[in-house]
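Protein chains: 4
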Amino acid sequence: MCSLRLGKIIFSHMEQRIKESFARQGLMQTFGAELTEVVSGSCEIVCEFKAGLSQQHGFFHGGVITSIADSACGYAALTLMPEGAEVVTVEFKINFLKVANTSRLRVVGKVLQSGRSLTVCEGCVYSEDGTLCAKMTATLMAISP
Amino acid sequence: MCSLRLGKIIFSHMEQRIKESFARQGLMQTFGAELTEVVSGSCEIVCEFKAGLSQQHGFFHGGVITSIADSACGYAALTLMPEGAEVVTVEFKINFLKVANTSRLRVVGKVLQSGRSLTVCEGCVYSEDGTLCAKMTATLMAISP
Amino acid sequence: MCSLRLGKIIFSHMEQRIKESFARQGLMQTFGAELTEVVSGSCEIVCEFKAGLSQQHGFFHGGVITSIADSACGYAALTLMPEGAEVVTVEFKINFLKVANTSRLRVVGKVLQSGRSLTVCEGCVYSEDGTLCAKMTATLMAISP
Amino acid sequence: MCSLRLGKIIFSHMEQRIKESFARQGLMQTFGAELTEVVSGSCEIVCEFKAGLSQQHGFFHGGVITSIADSACGYAALTLMPEGAEVVTVEFKINFLKVANTSRLRVVGKVLQSGRSLTVCEGCVYSEDGTLCAKMTATLMAISP
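Top to bottom, those sequences are chains A, B, C and D.
Each residue of the first sequence is one higher than the one before, counting from 1 in my numbering.
Each residue of the second sequence is one higher than the one before, counting from 1 in my numbering.
Each residue of the third sequence is one higher than the one before, counting from 1 in my numbering.
Each residue of the fourth sequence is one higher than the one before, counting from 1 in my numbering.
Just chain A, with the same shape it has in the complex:
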């Protein structure tokens, strides 16, 4: 019990670090994206549509979908990294499954495999009605600052 409590305190510290880091991502501010959940091994970000986030047909640009999926995967990975580590994206792949014709995107990034230096995450991007619009697989690396 005691160790669980300690775990929670430590995680709450991690959550705080992630919230502060997210707030420093100028791009997420530009998008108006919100970090809505951070738990151990997972992270959720939501983003409302606005004209400045569109592609040529007026839907969410694939780059917006990808950017928030990248951030969600990165922070999901960070939740399982050692205190003080920073996370960088090594690479990712994303498949666009449906046109993101929606007023709001929700991305859930989850850790698939957590290693000493590398973490593999998956990011699922949903439209407002719950349709899976895109799926990302990302490789992230822990770096000591």
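Please keep in mind that the hints were generated in silico from the structure rather than gathered at the bench.
Don't take each hint at face value.
Pairs involving identical chains hold if they fit within one copy or between any two copies, as the list cannot separate such chains.
[Said to hold, decoys possible] In silico SDA-like cross-links for lysine to any residue, where the CA-CA straight-line distance does not exceed 20 Å: (1) Lys98 to Phe59; (2) Lys50 to Gln29; (3) Lys98 to Ala85; (4) Lys98 to Gly32; (5) Lys110 to Cys124.
Based on these hints, arrange chains B, C and D on the given structure of chain A.
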């Protein structure tokens, strides 16, 4: 000669369509990105750094790098598609090779393989000093509107 | 009920076609791989280790893992394609999560998204003790012969 | 000159290690693949067609194409890693550009970016007439045994 001239006229029409399409991409406006070259099978986009495009350490967010590479690959693919076709991104993969600690990104998207329905493009993202920061491979599909 | 029965007959025809197609894959014969399940939207293949399938340290070569995952994803996609269609792999990405230090691999390919011409599948590769060794995301295309 | 000569001696040692490692890859023996060139930052492998390497239509199976590209990228990466390091494949993505209707495949793996722990390589797979059949991007990691 005559057919070359016709080719140029047709291509100039395509270039015009691509410039108009790019201007309708709200995200590229938000970024302040510019379409600097469109030739047959290739497209170049540049983007100046500003705070609203950063990740947590003050460099270009991977999502910005990816977004402009996606647009450059998409328009490169479109240059070789039939008149009237639209292009959608099926999927892409991107490797981040160097931290994009630069005041300006330049992306060149090029067609690697052009098929009837599918086109494969590569996007190279360079920092101001010419360092290759990221490399994308993208699969795009032609759709008839 | 009647249509369900018809569905089963049609699927049983598809299953037969897939088994015959698998038997024609010389590589799967070389590997000694077996097609152990074909259901609508999913396909399972197993493969026993032998020295001829190794990498330099005596474990399964990544190419074997990838080959059976590719076949499993391809046939999973084919189960949802129209009668008479053939399937080709457009591209895939695979992450290797654990060294495949096992005497037997099991791959499950599943359809994530099925479209008119393109299908996206995921392939999970497990070692004998159920550890997830690798994860593939594949894009497949239906072609009319 | 002296240091160049030393470089050559060191590289010749690396070449020897890679040839021995390749010879231990049971899968490459099964394929009958040959390591035809190892130079600093690059590696070439060729493979003749035989029935045991086919997919269902009698051409090279995508898994064979991928396996030899994986080996070529891995050894290309290893040429630039420190003495004594081993290389493991973290992940790769491959696009199949043309049906490999050829009697012989040639793969060239090249280092795109070499870092302390991670290396990014590209693998180009050619048919006998020089057509680019497939293109791989791979991330590899150096490990100390």
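Each hint tested on the structure:
1. Lys98 to Phe59: within (11 Å within a copy, 31 Å between copies)
2. Lys50 to Gln29: Classified as both; 13 Å inside a copy, 12 Å across copies.
3. Lys98 to Ala85: Only across copies: Lys98 and Ala85 sit 19 Å apart there, 35 Å inside one copy, limit 20 Å.
4. Lys98 to Gly32: neither (22 Å within a copy, 27 Å between copies)
5. Lys110 to Cys124: For Lys110 and Cys124, the Cα distance is within 20 Å both inside one copy (9 Å) and across copies (16 Å).
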